[in-house]
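There are 2 protein chains.
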Amino acid sequence: MKVGVIGGGQLARMMVPPAVELGIDIRVLAEVEGSSAAIAATAVGDYRDVETVLAFAAGVDVITFDHEHVPQSVLAALTAAGHPVHPGPDALAVAQDKLVMRERLSAIGAPVPDWARVRDADDLAAFLADHAGRAVVKTPRGGYDGKGVRVVSAAEDADDWFADAGDIGLLAEELVEFRRELAQLVARRPSGEVRAWPLVETVQRGGVCAEVFAPAPDAGELPVAARALAERIATELEVTGVLAVELFETADGRLLVNELAMRPHNTGHWTIDGAVTSQFEQHLRAVLDLPLGDPSPTAPWSVMVNVLGGPEGATMPDRYPTALGDRPEAKFHSYGKPSRPGRKVGHVTATGSELDDTVARARAAAGFFQI
Amino acid sequence: MKVGVIGGGQLARMMVPPAVELGIDIRVLAEVEGSSAAIAATAVGDYRDVETVLAFAAGVDVITFDHEHVPQSVLAALTAAGHPVHPGPDALAVAQDKLVMRERLSAIGAPVPDWARVRDADDLAAFLADHAGRAVVKTPRGGYDGKGVRVVSAAEDADDWFADAGDIGLLAEELVEFRRELAQLVARRPSGEVRAWPLVETVQRGGVCAEVFAPAPDAGELPVAARALAERIATELEVTGVLAVELFETADGRLLVNELAMRPHNTGHWTIDGAVTSQFEQHLRAVLDLPLGDPSPTAPWSVMVNVLGGPEGATMPDRYPTALGDRPEAKFHSYGKPSRPGRKVGHVTATGSELDDTVARARAAAGFFQI
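Heads up: the protein sequence lines correspond to chains A and Y, in order. Quick note: the first sequence uses our numbering, first residue 3, plus one each step. Quick note: the second sequence uses our numbering, first residue 3, plus one each step.
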């Protein structure tokens, strides 16, 4: 069984351990030499180049992804040549474009913030007028980790983006008053089986995921609703592999879909150490259309803290002599990248029976790398 | 941090996942192309050839091993050239030769079966006369998985081996009446820290490890004694990395050391899924002289069942469509090797809160691959 992953980032890297354990041959098409997934990189090239991608695909049984940026033209060439691609082009189209995502989610009746396609300052002015003078504007494509997202309070606040947006326009959304952010991850295989991990709480800082608490504390009935919602989205959109549904819990207790990602996701990294089947193992099973594993948690609480930045040019292992000695029970994950301010270079997970203690231990362990 | 592993078997393979997670660069000197550890193999060559091994060592920070067969002459060349080697040549010498092992263990007062060096049939006859006419004879070197071990009841039963043994002779041991076999694994780093996993029970079939129950059931005070014994052996012999102490629990309730292995060991595979820190992660930490991780179990019971043999030429993943569907909670490990009768091609681990149920689930999961 050979899985080909397009993209050599940390998500591809973290697919390697379960592939090795399961005896699945994993191969990566990386952007550059020395990528985060270099140990499995059998090719280096441009994922936008059809010939490069077809040549890579010829050596594997199924194609999947480290990111959602492969152009539809390349995906079409892959499927035309008979290569299984998971998630498939139609599903990926929804994750690639925030306007398409809002349209499809609205069409299937999933709860989303008020939104509109805005093509110029007049459109935006109208949207602002309907939403108490404030809105979030997003570029439909290419945003990540807070990039391509802007809170606006005047029609001209997005003029620079309109200049590049053309007839496609931008996405305007209501500025949701939320209590917190949550994420519901599920995996779906082509033959239809879906499995869900517990609903988690995510803490964002500057638009970047900073911490995840699994399961989401004090969530009442929300896990039931979130799970049903994510399962419905996965099924309706025919997602294959892992689907991450990022959610707002509104001030009045409703769930709204913020974003979708169709790949393993930062809010699921805790599953490596805290679930019977990690999101990375599950993604491999799903894209190979193998029976899915048990997503149950293995501890009452798991807390993941991202390692963001750290000393310029240093790596996490440079700090292991002190960090590992201080926290023998924490699980350290380094993505094999040198640090720079704000860069996600790894994460740390702690598990435990009390939430407060688990949070404290995870933060203490991660703290060794951020100073 | 770059770790070089000599030998490309499944033990090297299973070091890859924790190396990837921790951000440690792992490189393997494999015997052949397409080895079990091929994903990390940066060199292919003969581990008995000094130039090959020195060239491999030049690219890494520390050398460790998938097996204990690297000649002392090669180890001496490595240390002479300044390469850190863990475990070191003196410790490895004890694991490489069963006569040296018995001598060293006796010298430090570790409990062992009665033994003697026997150089001919007369020596063996004398040993048999002292031991009710039965004994175990072992070749000092090269044995594994029951090979090089023979139960004898007549002086001439080992004549074929004496012919090859020369002045070194053979190891004769009393045939221990044992209740069961146990294994105590510890890890020790060069600066002296030692950590112990729980004592486990091992079930051998035909001289090959078939099943492991962690922790050893109904063990009373044995875990305390086993741990103290293994820690003492690791410290006295200055073992670095994982040390496996295979033990007999005698019919009268004593512990006797059967064998030592200085590397991750089959009786510790359960730690991948059942302990906070697996033996493979701990071995990497130890040989890098990093602080050791918490070896605590994560479930009340873990049961590992080896996958031995299976249909000629098949691989474990061929059976995944049925096996994974039947046992979504089991953890499957394939060593990337085609099956042949009796060959260790993988293992399965189940964890749970009741031993009987956990054993049944692990056996059921492994059973899919052995028919």
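Each hint should be verified, as a subset may be incorrect.
Since the list gives no way to pick one copy over another, a pair counts as held whenever it fits inside one copy or between any two copies.
To be verified - As a list, the in silico DSBU-like pairs of lysine-lysine whose alpha-carbon atoms are at most 35 Å apart:
#: 1; residue 1: LYS149; residue 2: LYS339
#: 2; residue 1: LYS4; residue 2: LYS346
#: 3; residue 1: LYS346; residue 2: LYS149
#: 4; residue 1: LYS4; residue 2: LYS339
If you are wondering where the hints come from, they were derived from the structure by calculation, not from laboratory data.
Status of the hints after comparison with the structure:
1. LYS149 x LYS339: Cα proximity of LYS149 and LYS339: one copy only (21 Å, versus 45 Å across).
2. LYS4 x LYS346: both (28 Å within a copy, 22 Å between copies)
3. LYS346 x LYS149: Cα proximity of LYS346 and LYS149: one copy only (14 Å, versus 50 Å across).
4. LYS4 x LYS339: both (26 Å within a copy, 14 Å between copies)
Checked against the numbered hints given earlier, this structure breaks none of them.
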